[in-house]
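Dock chain S against chain Y, hints included.
So the protein sequences, as listed, match chains Y and S.
Start counting the first sequence at 1; every next residue gets the next number (the numbering used here).
Start counting the second sequence at 1; every next residue gets the next number (the numbering used here).
Please keep in mind that the hints were generated in silico from the structure rather than gathered at the bench.
The structure presented is a predicted model; accordingly, all values stated were derived computationally and were not measured.
Note that CB positions come from ideal geometry on N, CA and C, so glycine has one too.
Mixed in with the good hints there might be a few duds.
[To be verified] A few chain S residues that face chain Y, going by a derived Cβ cut-off under 7 Å, partial list only:
#, residue
1, Asn107
2, Leu111
3, Phe114
4, Ala115
5, Val125
6, Trp129
[Stated by the list, open to error] Distance ranges between label pairs, derived from CB positions:
#, chain 1, residue 1, chain 2, residue 2, range
7, Y, Phe204, S, Ser264, 46 to 54 Å
8, Y, Ile3, S, Arg40, 53 to 61 Å
9, Y, Arg209, S, Gly166, 54 to 62 Å
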Amino acid sequence: MNIEVLLFYIFGSLALVSGGLVVSARNPMHSILFLVLVFCNSAGLLLLLETEFLAMLFLIVYVGAIAILFLFVVMMLNIRVTELKESILRYIPIGGLVLIIFFIEVISILNGDLVPFFSVSNLSLANKAFLYQPDLSLIVWSNNIAPVTNIEAIGELLFTYYFYAFLMASLILLVAMIGAILLTMRKQYNVRRQEVFDQTFNNFNTSVRLVK
Amino acid sequence: MLFQIISWILQILIIVVPVIAAVAFFTLAERKILASIQRRRGPAVVGIWGIAQAGADGVKLLIKETILPSNANIIIFVLAPIIGFLLSILGWAVIPFGEGLVLSDLNVGMLYLFAVSSLGVYGVVCSGWASNSKYAFLGALRSTAQMVSYEVSIGLIMINVLLCVGSLNLSDIVLAQESIWFVFPLFPVFFMFFISALAETNRAPFDLPEAEAELVAGFNVEYSAMGFALFFLGEYTNILIMCALLSIMFLGGWLPLIDIFPLSWIPGPFWFGLKMAFFCFAFIWVRASYPRYRYDQLMRLGWKVLLPLSLAWVLLTAGILVAFDWCPVL
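Bound-form chain S, shown alone:
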């Protein structure tokens, strides 16, 4: 019994610690890549080529003074970033890194991820309300409405992939792409999911609720030090989960490019990491390239453009699969 508990804790640590390290380096990568796109250098002072910048940021946030606003609901104020970060980390329990390399092989893995991202809204809305500040409140409401709207189209797009696979198990989704990755038959769906993932994680060009110049940085304006660090960590972990989900659902997870001799000897987790890195780069690339959407344009995009399109694509996929009798049997 004790051995089992220790083995569980070790498994969890093997996933969580690299994820947090990945988040730290992702913040650094974002600044460096944004800088390269803008023809400058980014942080280059702290370590060799600025590698220790993430560590320096972490230490700075740790030793800052934590300010608790007066008249704020202290319990909810403190709990909100904890909930946000906790839920993002919880999503990593079902991500398969390789054949059988998954912490919890749930048969409803996709629903679990969807539930975790639905619950992630609570971190935002509780923080905005508990800050007892008009700007934080408005920013939180905007961000919540945005996340809820784009979750609808994310769900419908997930259904497209699930129709082609026949199971909600994430490992089954990867294994169903052994003949062809889903990015080829479902290419428009892939683009729609990318856009919805950008909007779901409050990421540019949909970052109006939390940009520094708009509404004074939105729902995390009253948070200093560790609260802000937890929000930051939670948001970037969400981005990493979306990248992982994109590579699992569309790019074949841990499957190699072609299953022939030199490429199939490279271990699966390496391919998974490569595909995730490509999507992280794409997220940062999009941030540097496009101007921000105004809030009404953002909501119009979610409800009047992406929702009907993804709904129509579900009908198209279901129709084709039923008409040609290509429904998967598992």
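With the rest of the complex left out, here is chain Y:
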């Protein structure tokens, strides 16, 4: 069995199991740590798809920032460990409906035309000869002529043809930031703050005086 297929099965099954454990763990901290596991396995799946830039971005943004945000919220808000008082049968009607809808969506995306007859291999001819792989596969010739890194490919498209999307995304983030500040900042009139500029530029000659 190909190592990539094996890794796909490992990452995929770990991601699914962790995803299931996120919603069924009793302790909310465990939920978040399982969510981190889901993100890491998704990053592994992205690596198998040869999008290493996206995989690293997943780790940096999702695991390194968003999951830490969740951790802070869970730790500081003192969420109690919930007891599973209700039976799981209560969730079957609506949950089953959502399940059927998702299933139909996934099946409608699968298209027999997209599955190639032979596997696509991105190895160079020399590597294939070294690893004794038969040359029945589809060779992606553009990778042999002008290899382009992931970042270059994304950059060439994102900043030229889709720059509206890029600017819109940054404006949405700006609005979210302003919204968070607006909602939580209250003008406090009798709070004494540190005035660092005044502290560091205080003149010694006028601040201390010897009284005899």
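Structure of chain S alone, referenced to chain Y:
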């Protein structure tokens, strides 16, 4: 197939074993250099001039009793120092020691290092929470917030260097400095990165979350023996990675000082080690020289001073490169 696996394991061991030995001697060097700055001698009893002190410390920590606090989440409690140490060692996979002497020549090497340091926060936060102690929890939260804040400015400063290089590959970053090291055109950026690296590794003068006198040593208060040893090892390995990153990004990695006859015969890894040693000395020097920052001053420095400065410097670098058409093509 078996031969390949053995070769991989040997390559990994050739990197990991000297790194751990370097960490052990770095702890000794820190104590000796701090002592010299303070006009005393440091550990001088154990070996000749105290060389075996690190070994003695290691043995002591190994044979100590491991205490598991009651009501603590045992799995996360045990996993946290393991994650911390594992992630620090993982960062060494992309560091180039010489021309082609790198375990994994990733094309996104810089992003990999950034991701590893982002993930390193989890060791701290899990240990603080799982210790089931108020002081450990507060220390962990403080340390986490500090690391996350200074990671932002580290990322922006990395972008400065990457703009001048044109690639995220660490070997390419070193090779782009063959004409001039980046410390000369990007000197203020170098200083900002040094300060951010000090804060990212919880190192003095930014070590409020883990100093012994503050909050009873912070997030590792409940750890004895091997857990504490793993945290210690992880922190010092992080420091070594930051020193390696500093020398790769600004001081030219394994390139010699001047590429003329006597200096260019000395092998690249020796130059890399020399530059790293200089930065390790600078880390220890700064620890001995400056008083500790209070926590609100620390956070103010990260968000109100370093972040705007590094952002502005990214715009300046990008502007200059685009205006004079000096953008690198790789």
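Evaluation of the provided hints:
1. For the restraint placing asparagine 107 of chain S at the interface with chain Y, the shortest Cβ-Cβ distance is roughly 5 Å, inside the 7 Å limit, so the hint holds.
2. This hint holds: leucine 111 of chain S has a C-beta 4 Å from the nearest C-beta of chain Y, less than the 7 Å allowed.
3. The interface hint given for phenylalanine 114 of chain S holds, since its Cβ lies 6 Å from the closest Cβ of chain Y, which is under the 7 Å cut-off.
4. The interface hint given for alanine 115 of chain S holds, since its Cβ lies 4 Å from the closest Cβ of chain Y, which is under the 7 Å cut-off.
5. A cut of 7 Å between beta carbons decides the hint on valine 125 of chain S: the least distance to chain Y is about 6 Å, and the hint holds.
6. Annotation: tryptophan 129 of chain S was flagged as interfacial toward chain Y, and the flag holds, the nearest CB pair being 6 Å apart, inside 7 Å.
7. Take phenylalanine 204 of chain Y and serine 264 of chain S: their Cβ atoms lie about 53 Å apart, and the range 46 to 54 Å holds.
8. For the hinted restraint 53 to 61 Å between isoleucine 3 of chain Y and arginine 40 of chain S, the CB-CB distance of approximately 56 Å keeps it satisfied.
9. Restraint check, arginine 209 of chain Y to glycine 166 of chain S: a C-beta distance of roughly 60 Å satisfies the suggested window 54 to 62 Å.
Violated hints: none; the structure is consistent with every hint.
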